[in-house]
Structures are given as structure tokens and as C-alpha cells.
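Based on the provided sequences and hints, a complete structural model is requested.
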Amino acid sequence: MKKKQARAGKPFKVALLGNPNSGKSTLFNALTGLNQHTGNYPGVTVDKITGEAILQDDKSGAPLTAYILDLPGTYSLYPKTLDEEVCYNVICDDKNPDCPDAAIIVADATNLRRSLFLATQVFDLGIPSVLVLNMIDFAKAKGLHIDEEKLSRSLGIPVLSTNARKKTGIEALKKILASGLRPPGKTLIDVKKFIEPALLDEVRLMFPSKTGYGLYQAVNNQTGISHFKTEPQKADKIKELIKSYHYEKHKVQTAMTIERYKFINDIVRDCVLVNEEEKRKSLSARIDRALTHRVWGYFIFLLILFLIFQSIFFIAPYPMKAIEFLFVKISEAGRNYLPPGELTSLLINGILAGLSGVVVFIPQIALLFAFIAILEDTGYMARVSFLMDKLMRPVGLNGRSVIPLMSGVACAVPAILGTRVIPGRKERLITILVTPFMSCSARLPVYTLLISLVIPATHTYGYFNLQGIALMALYLLGFIAAISVAAILKFFIRVKEKSYFVMEMPLYHLPKLSVIGVSIYQKVKVFLLEAGKIIVIISIILWFMASHSMPGVFSRIEKQYNNRDTVQKYTPAQLNAIVSSDKLKSSFAGKAGRVIEPVIKPLGFDWKIGIALITSFAAREVFVGTMGTLYSADSQDNTMSIRQKMAAATDPHTGKKEYTAATGISLMLFYAFAMQCMSTLAVVYHETKKLKWPIIQFAFMGALAWLASFVAYHIIK
Amino acid sequence: MLIALLTSLDKLKKGERGTIISLNEGEQALKFMEMGCTPGEEVVVDSIAPLGDPMAIIVSGYKLVLRRSEAALINIEKSL
Numbered sequence: 145m146k147k148k149q150a151r152a153g154k155p156f157k158v159a160l161l162g163n164p165n166s167g168k169s170t171l172f173n174a175l176t177g178l179n180q181h182t183g184n185y186p187g188v189t190v191d192k193i194t195g196e197a198i199l200q201d202d203k204s205g206a207p208l209t210a211y212i213l214d215l216p217g218t219y220s221l222y223p224k225t226l227d228e229e230v231c232y233n234v235i236c237d238d239k240n241p242d243c244p245d246a247a248i249i250v251a252d253a254t255n256l257r258r259s260l261f262l263a264t265q266v267f268d269l270g271i272p273s274v275l276v277l278n279m280i281d282f283a284k285a286k287g288l289h290i291d292e293e294k295l296s297r298s299l300g301i302p303v304l305s306t307n308a309r310k311k312t313g314i315e316a317l318k319k320i321l322a323s324g325l326r327p328p329g330k331t332l333i334d335v336k337k338f339i340e341p342a343l344l345d346e347v348r349l350m351f352p353s354k355t356g357y358g359l360y361q362a363v364n365n366q367t368g369i370s371h372f373k374t375e376p377q378k379a380d381k382i383k384e385l386i387k388s389y390h391y392e393k394h395k396v397q398t399a400m401t402i403e404r405y406k407f408i409n410d411i412v413r414d415c416v417l418v419n420e421e422e423k424r425k426s427l428s429a430r431i432d433r434a435l436t437h438r439v440w441g442y443f444i445f446l447l448i449l450f451l452i453f454q455s456i457f458f459i460a461p462y463p464m465k466a467i468e469f470l471f472v473k474i475s476e477a478g479r480n481y482l483p484p485g486e487l488t489s490l491l492i493n494g495i496l497a498g499l500s501g502v503v504v505f506i507p508q509i510a511l512l513f514a515f516i517a518i519l520e521d522t523g524y525m526a527r528v529s530f531l532m533d534k535l536m537r538p539v540g541l542n543g544r545s546v547i548p549l550m551s552g553v554a555c556a557v558p559a560i561l562g563t564r565v566i567p568g569r570k571e572r573l574i575t576i577l578v579t580p581f582m583s584c585s586a587r588l589p590v591y592t593l594l595i596s597l598v599i600p601a602t603h604t605y606g607y608f609n610l611q612g613i614a615l616m617a618l619y620l621l622g623f624i625a626a627i628s629v630a631a632i633l634k635f636f637i638r639v640k641e642k643s644y645f646v647m648e649m650p651l652y653h654l655p656k657l658s659v660i661g662v663s664i665y666q667k668v669k670v671f672l673l674e675a676g677k678i679i680v681i682i683s684i685i686l687w688f689m690a691s692h693s694m695p696g697v698f699s700r701i702e703k704q705y706n707n708r709d710t711v712q713k714y715t716p717a718q719l720n721a722i723v724s725s726d727k728l729k730s731s732f733a734g735k736a737g738r739v740i741e742p743v744i745k746p747l748g749f750d751w752k753i754g755i756a757l758i759t760s761f762a763a764r765e766v767f768v769g770t771m772g773t774l775y776s777a778d779s780q781d782n783t784m785s786i787r788q789k790m791a792a793a794t795d796p797h798t799g800k801k802e803y804t805a806a807t808g809i810s811l812m813l814f815y816a817f818a819m820q821c822m823s824t825l826a827v828v829y830h831e832t833k834k835l836k837w838p839i840i841q842f843a844f845m846g847a848l849a850w851l852a853s854f855v856a857y858h859i860i861k
Numbered sequence: 005m006l007i008a009l010l011t012s013l014d015k016l017k018k019g020e021r022g023t024i025i026s027l028n029e030g031e032q033a034l035k036f037m038e039m040g041c042t043p044g045e046e047v048v049v050d051s052i053a054p055l056g057d058p059m060a061i062i063v064s065g066y067k068l069v070l071r072r073s074e075a076a077l078i079n080i081e082k083s084l
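Heads up: the sequence lines are chains U and A, in that order. Numbers 145 to 861, taken from my numbering, label the letters of the first sequence in order. Numbers 5 to 84, taken from my numbering, label the letters of the second sequence in order.
Errors might be hidden in some of the hints.
What the hints assert, rightly or not - One-sided and incomplete, this derived list gives chain U residues near chain A with beta-carbon spacing under 10 angstroms:
#	residue
1	286
2	288
3	395
4	436
5	537
6	543
Said to hold, decoys possible - Chain U regions said to be covered by chain A (calculated; three or more residues, Cβ under 8 angstroms):
#	region
7	217-228
8	257-269
9	397-404
10	520-533
Just so you know, the hints here were simulated from the structure itself, not pulled from any lab data. We put the beta carbon where it would ideally sit given N, CA and C, even for glycine.
This is the structure in C-alpha cells:
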């Protein structure tokens, strides 16, 4: 039996369990507010969400903190998926540091039967529990009336209903938690009916604190279970026992599942009153007729995608410009008031520039997450999955991959953070790996510059602008690359988890502000803290490379131009541009550009493009600014000026133009395919929890970019 | 006569109903049972995705979506 509730001194740990879509997160938000932390379970890519709820001790009235662990939503404790394995290891292993003192089980009142399946499994493990009925209003609308008192008596545990959205019942739940829960008085399913008592007794010797159902769980599952990882000899012993007793795992489990549902059906028949008159055709069914219609369904989906992108591209630029403006002002102030020197340069051109590159992403991330959270919370995402699954399946993705993939057109960072909604690990990993092929908004300035440089602005067939067609082709190419690479990766990626498509189609809900708010808050926080760290460090390295050289080199350049001739020949601005250009060319970044030149020469790129490729790693659009500095454009913000300089550039040896159609197209293809975004790599690392995946992604995207550019350059040349 | 009524869930058309007789053994069968598809439960095909797959069924009072390949594992007796 479980020990009694921990009191003063020891932390009081409560696990929150429930089916997916049971309103568990809303209840968690209501209990903890923003006292939430996201961490990891050791070794797996499942988020560990914890929070603190402040209770009042019922005797002394003193405040008592309950540590609430929001476990992933599952339908059962039997571990088939990683989410279920995490639940199992927390609930069933009393040596686990997260093993709770009590459990809150959230039941969807519209779906009591299925909710009770998980709930009764937890009771049978002997964990002190309380059952919370959520979505009572939806149940009433369906004509279901639940007798809470009767249910509480049949199960032997407290039952109460809450409406997390209206925050009713939350105080009552806190009171029940504070008053101390007791282990359930009875066992609902007698395992002795299914397993030989002698076998049970032998297993009990190994796990004396487990209940009968706990022992059955130990017999049925050994892989991935934490208490067997620490004591593998016990797993071996059980495997021997299974053989000697001729124990048939699946048969027993099937029989017990059927028995459990029989028991639940009896309770439900007893405690739930169905009012046939109130049972009308639900609103959800009527909405579904339109949203999953063979024509309207797809039309509405495209319309929703269109509206999302319109609003992102319409709204996001305002706060982004404001953020950029703010950073420019801070940099200016820094330049004006701080003493010139190394430290100031590091602060302004290294750290501040890096920070600005991080913060400027926030509006896009927040907006995209607002939309994704709304689609998920209302239940529409499940419908998208239903509509799109067959289309996505041949390439190893599933219906839920569509929204993250499409979000990649705005920015791969929020798109990858959004892959959490994809249930299968394999499908999720493939989506993460191919999303950066989608043409993101940072590629647009690069494409605009290069297209205007090498594609003539003529009209073909009288109507179509050739430059416009080129831009569209680049976007299409990104999409085709994403889909084709997914189809190939499907054969190479092995995930230890079996993938099921089977999913619940939840009823439509109005989106809940708290769920959307918390989702935005969490994603922005992950990005700022996790990705931000890496981005700032790499920005500092890039700053160092671009602004430093071997001792004496820069002062020689300054001296070279500091004479009467040059001062008379150029305006101060021109002179400044020439000096900056020469400095960058001879900096460490310039040297690195020369080092990689042999690799990129076959693509038609010289070492100057090499420098831009390196600095682009901060963000693709940096390409434009770097080109501006290299060709000492008067104003780096002016694409026209950079374009003219680049168009006029000739090779000093051959006298030929540097930017031919072949070089330009080769360069565009390189930007279309190569993984040149450290923010994305940082987020991929965070989401996969393995260094292996961003490295593999960087390698295959780079290889594809190199090949495509090589082929294109040699055909066109 | 009765033999003709035994079929698998994937063969049902929209609006048709039946009762679950058994599930082909395996991990997937357990997953379905956990989600409420136990022998004796009545199922109704709510809709089929416009591209022909997956399908949505009503079971145990809620809507469940599954691929046809998964539905083929569920043996049912079709109601007329």
C-alpha cells in the first residue's frame, strides 16, 4: 500500500492524469496560474510540466504548497507509447523521485466510460485519488446527468465536478487535496481471477509494496520500465516465471480489459441518467458536416491557412519594426555615449546584434502560436488531420504535419516548436527535419536581391513577369524538396515507438484564453532561453570573425587610406565604406571565406560569397548586408545600391562579370536548400533532445544544396 | 444467413452500424479496446474522409477516427 500523505517538511506531490482532450491543461492552469515550469524526463523527449498550487492546511490554516505534475494525456497506463511509458514510470515506480503522494484524475464527463478506464487503473494501484468531472456543461447538453454521490460511493473515492473555464469547483478541489486523500478502500478488479496466485506470490516477494494490480503490471511490462532499469535481475526473474507458469501476456490483458469495461459499464448504467429528449443532434455534428465536407472542407482549410498567413505577414511587421527600431536606438546611444573600443564593439555589434536577432522573432512566434493553439484547442486540428491524412501518408507524414509544414513559410522556428501536436514520434521527427526546406520569410530578401540581379524583368507570354515566376518557382521548389526528402527519410528513421493513427475527434469548443496564453508564453520562453543562448554565443563568434584580424592588419588598412589623395578623391561616407569593405575582406571571416573557396568554387561562388555564406548563418537575410559591406555600397539598407555594385562587379583576372545568370541561380538554389539558420538548428536540438538530429539535418540539407547548385551552375554555364 | 452479416469494420459504409464481435489479437487490438472498442459495443460509421480514408466512427458515445487498415482488425456483426 502507498504510504500516507506526506506532511510538513516533505514536498506534497500530486499527479494530474487524464485522457487527451479532457480539459486537463485548463484545470492545471486554473490550479497553478503561471507558477509553471517545463523540464524533461530523463532520456526521453516528453515535456515534464510542473507547477505549484497553494493550498490551506485544513487544521492549522497555514499555507501548504502542492507540487502538481501535469502528466501527458493518455487513455491507459499500459505503456505502448512514450507518453504512456512516462506516466507508467511516474505512477508505478515508488522509487521514482516524481512518484506522487496523490493523484487528481480528470474525467471528460461526456465520455465517462473511457475516462474511468484510466481512472480505475490508477485506483487499483492504491494511489490516493480524487476524480474530477470536467466538461459537465457539454454532458448536460448531450442529455447526460451524472449522480456524483453514487459514483463516489461505487468507486470509493471523492468525486467532484469542475468547470475549469469558469473556475468553479477549483476551491473545492484544493480543499479536498489539503484535507488529505486516503488510498481507495477497495480493489475494483481482482487480479487473482486472471493470474495464478502462486505466480503473484512469487512476484510479491520482489515488490512487497505493490498492490495486486501493480504486481500484474510488473509481470506484463519489463521494457522501458524504470524499476527494472535499476534492477535488471528482477526483470530476468519475471521472464523466467512467465515461462515456468506458461503465462500468456496478451490473453490475460485482453480478458482484464474486457472485465474492466464490464465493471465500468455497470457503474455508468447506475450513475448516469440519459435523457433521450435532451439528446439532440449536437452542434458539433452540424459543424462537422461543413468542415469535413468533400469540397467545403478543403476550401475552408485553405481559407483558414490563407487568413493565418495574411495576418502574420500583415500584423507581425509592425512589432518587428518596432523591436528593430528600439535596438537601433540602443546601439546608437551606445555608440554615442560609450567610449569607443573593443568592449563597446562587442557589446553593440556582437551581443546587442545577436539579441536583436533573437527578440525580433518573437512577434511571429507569438502570432503563429496563437493560431496553432486556437486550431488545437477548438478541436479543428483533428479535422485537418482527418481531411489530410491520406495525402500525407505516402511520404511518411500524417494529417497533423500539415499545419507545422505550412507554418514554415513564415518561419521554421515556430513551425518546429509547433510539431508537438503530431502524435507519432516518427512522423514528428520527419516533419521537424523537412520543415526548414519550406521557403521562410528570411529567404525573401536574398531572393529579391538575386532575382533582380540575374533574372530579366521581361514578360513571357505577354502576361507573366519572369521575375515573379522565378520567385514562385523557388517557393514551389522548397515545398517539393520537403515532401521528397520526407519520402526518403521515411525509410531511414527508426523509432522505438509503434505508430497508431487512431485518435479521438473531440467536440468543438470555444478556444480558452488561458490555454492559448500559456501556450504562447511557454513557446516564447523556450525560444528566448534555449535557442537564445546558442544564438547569442554564435553571434559573438561571428562578430569576432568579421571584426578582427591578425594584429596590425586593420591599422595598416586605415593608414593606407589616411592620406591627402584619398581624402580629396572620396566623400567621407565613401571612404568609410571602402575602409569597412577592406577590413571585412581581410578579417578572420574573410580568411574563412578564402578557406572554403575551393569547396564552393565548383558552384560558381568566389570567396566573397563565401564570407556572406558564413555570416548568413546568423540569419539568411544577413547575406544582403554582408554583400553591401563587401561591395562598399554607400547605404547598406538600399538594395538598389547593392544590386548596382554587384551587377558592375567584374573578375580582376578575366574581366568577366562576377554575377552571371549561372552564379545567381546557383546561389538561389543554395539558399533554397542549405540549412543556414542557427535559430532553427537550436530549436531542432531542443525539440529532439539529441545533437544528432540538427547535425544530420545540417549535413543532408548542405549536401542537397551543394549538389543542386553544382548541377544548375554547370548546365547554365 | 447469419454468416453473411459477419464482416470487418472497414467494409461498412457511411451510416451503417454493427456490433463488435472480436478484435484480431495484437497490440493494436488492445489499444482499440482501451479506447472503448470492446466486444459487444455498438458502432456507427459517422463519416468517411473525402479521400476515402480514414474513417470516423461513433463508439461508446464519442467520435473515433481510424485508418481503414486499422478498422480491418475489428470484426463486427452488421445490423440491418
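Here is what the structure says about each hint:
Against a cut-off of 10 angstroms between C-beta atoms, the interface hint on residue 286 of chain U holds, since the closest Cβ of chain A lies about 8 angstroms away. Look at residue 288 of chain U: its Cβ gets to within about 8 angstroms of chain A, closer than 10 angstroms, so that hint holds up. Hint on residue 395 of chain U holds. Least Cβ distance to chain A is approximately 8 angstroms, under the 10 angstroms limit. Look at residue 436 of chain U: its Cβ gets to within about 6 angstroms of chain A, closer than 10 angstroms, so that hint holds up.
With a least beta-carbon distance of about 8 angstroms to chain A, the hint placing residue 537 of chain U at the interface is held under the 10 angstroms criterion. Hint status for residue 543 of chain U relative to chain A: holds, with the closest Cβ pair at about 8 angstroms, below 10 angstroms. Only residues whose C-beta sits within less than 8 angstroms of a C-beta in chain A count toward coverage, and the region 217-228 of chain U has 4 of them, enough to reach three; the restraint holds. A count of 3 residues in the region 257-269 of chain U with a Cβ less than 8 angstroms from any Cβ of chain A is obtained; the coverage claim is therefore met, three being the minimum.
Three residues within the 8 angstroms Cβ limit are the bar, and the region 397-404 of chain U against chain A gives 4, so the coverage statement holds. Counting residues of the region 520-533 of chain U whose C-beta lies closer than 8 angstroms to any C-beta of chain A gives 5; at least three are required, and the coverage claim holds.
In this structure, every one of the numbered hints holds.
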